[in-house]
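Undergrad: Protein chains in written order, with this note's numbering: chain A, 1 to 472; chain B, 1001 to 1110.
Each hint should be verified, as a subset may be incorrect.
[As the list claims (entries may be wrong)] With the C-beta cut set under 10 angstroms, the calculated list includes, among others, these residues of chain A facing chain B:
1. 51
2. 71
3. 72
4. 95
5. 165
6. 167
7. 168
Everything labelled a hint here was simulated from the structure, so no lab data went into it. Idealized CB from N, CA, C, for every residue including glycine.
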Amino acid sequence: MNTLQRTQIKGLFNSPIELPSLIDEIPLGIVVLDTQRRIMLINRTFEALSGFSMEDARGIHCSHILRTKLCMQKCPLKKMGSNSESISVESDMINKERELIPVLINLSPIKDTEGNLTGFLETVEDLRPLKEVDAKTQQAYGFRHIIGKSREMTRLFQTVPLVAQNDSAVLITGETGTGKDMLAEAIHQASNRAKGSFVKINCGALPETLLESELFGHQKGAFTGAVENKPGRFRLAHNGSLYLTEIGDLPLPLQVKLLTFLDDKVVYPLGSAKGFQADVRVIAATHRNLDLMVKERKFREDLMFRLNVVRLHLPPLREREDDIRLILDHFINIYATRFQKDINGLSKKALKILLDYPFPGNVRELRNIIEYAVNICPRGQMQFTHLPAYLSETKHYYDRLTPEVGESSEWTALFAESNSEHSGQKTWPSLEKDMIIEALVKSKGRRNKAADMLGWGRSTLWRKIKKYKIDA
Amino acid sequence: MEQKILIPLYLNQVAPRFDLATEVSIVSMGDDGRSIEKRTVVLPRASAEQLCHLVLLEKIGTVVCGGIEDEYYQYLKWKNVKVLDSVIGSFKEIVKRLESGTLQSRDIIR
C-alpha cells in the first residue's frame, strides 16, 4: 500500500518526484488501472467526485468505483489493446452521495517501454457545469436552479454572478428551506473554480472530534483507529470551494482552527506538524442569527468578521409574495412531467389556500406540497382536496383575527391599525404582534386571560407586549 | 420473523448500480439469522422503477446494493425498506456478513 503512495517519477526533474503529488494537482478525475481493470491509483479530484478514498478503491475492479452506465453495458476497455487509440465517451456515474453525475470519460492504454500493454488511464470530467449552462439560458427569472422575480430575489440574482467571480468568503443566511445549499452550489458553479470540487460539510451533523478529523484530516496513528492518512475536506476542496453548512453549530474550539485557516490558508491535519497550503474558497451558511450568537458569546466575533465578507440573505417565501405563483407553477410542471400526469394547474380555491399559507418551511415546503398534490391528483385541475389536509385545517390568521361584532374597544382600534400596517408583508413578528392584539381584544384588555388564550405565561406576554410596543 | 433481502447482482458480485441490474437474488433469512432460501430473478430489462416495484411486491425488508440514486433510496426508505448501499463484494461474502449481522452500508469486502 505504502509502496504505491511512494511511487516516484525519475528522470523528469533533477530529483525524483512522487506520482500522487503530481496527479493530485490536476483538476480532472484520474484513475490508473492495471490490465485486469483493477484500480491502482486515483487522484484527489476523483476522490472528491466519486466519494471513494484511495484506500477504499485500491485493488477494486473499476466498475464498482466508477459506477458509470458503460461499466455494466459495454466497457470499452474490454477491447482496448496496446495499439488502440484513446476513446472519449459521455456517460453518467453515481457517486457515494447518491448523485447521478454526467461525465465525460477519456480512456487510453498505458504501454511499457517495449510497447506492451501494462494498464489503462481514465480521466473523468464532471459535466454538470456545462449541462447547467443550457438550463440557465432557459430560465428568464432565475439563476441556475433558483427562480424568483420578487425585488429581493432580482437583486440577489444581479449580485451573485459578481460575487462568484472573486474568492471572497461568502456567508449565506436564511431560514430553513430557502435554498442556501442551492445558492452555495450556484456560486461555485458560476465561479472560476467550477472545474474544481464543491465539497460540502454539515457542521452540525458530526460530533466535535469527528468533525475536526473530517474537516482538517488526520495523520496515520494520530489517535486510536487512525490506521490511514485521511486528507480532510479542506484538502479535498483544494482548487475548489468548501461549503460549511450550519456554521452556527460549529463548536468553539473548531471555530479557532477555522479562523487560523482563514488567516494563513494552511491546513494542519490532526497529528501532523506539516501543513498543507490549501487554495479553497469558503462558503458558509446558517439559519441561525449569528449576530445574536456573537452577542451571546456562542460564536466568535473574529470568525464572524472573516466569514462576513460577502453576506447574502435569502428571504423567506412569505416575504416573496410575487414568487409564490412562479415557484408553484414551476414545481407543477416539474412533477407533472416526472410523474407523467396531465395536470392543468390549480383550482381557484386551491390557489387561494396556497397563496394565504405562510409557508414556515419555505420553498422546500411548497415543493413538498406540490409533489403531494400532483401525486394525489389523477388528472386535470388540482383541487383543494388534493392538497395536504393540514393546509385546509390551518385557518388563515386574518380569519382568526376578525373581532366579534359589537366589540369596539381601544384594542379593536389597535387591531385595525396593526392589520392595515401589515397587510402587505406577513413576517413572523408581525403575525405574533397581531396574535397578541387579537387575544387582548378578545379578553377586553385582561392580560391574564389573554396569556391563557395564547398558552403563554403572564411574564412572556408582558415581555412580548413590551417588545412590540403594544402597550405604548 | 422471516426477513427477505434483495441483492442486485452482476457477475456474482453486488451490481455496481441498482438501476442497471438485470439479475437479482432474493435471500430469505430465518429467525436464527441464517439464510433458508435463495432464488434468482432475471428481469427483462434494467429499470430502477421496476426493481422498486419488485421490492414492494416481494415484501423485501432490506436491499443490499452498490450505487443507487438518492430518489430511489429515499423512496425505498419511505416504504420502510432498509437500504445498505455502496456495498462492494461477492454474493457469497455478502450473505455470510448478513448471516452474522455485520453488513453495513459502504462495506467493501475484498
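Undergrad: If a hint holds in the structure, say so; if it does not, say that too.
TA: Going through the hints against the structure:
no.: 1; hint: 51; in the structure: holds, 8 angstroms
no.: 2; hint: 71; in the structure: holds, 6 angstroms
no.: 3; hint: 72; in the structure: holds, 4 angstroms
no.: 4; hint: 95; in the structure: holds, 7 angstroms
no.: 5; hint: 165; in the structure: violated, 31 angstroms
no.: 6; hint: 167; in the structure: violated, 30 angstroms
no.: 7; hint: 168; in the structure: violated, 31 angstroms
In summary, the numbered hints that this structure violates are 5, 6, 7.
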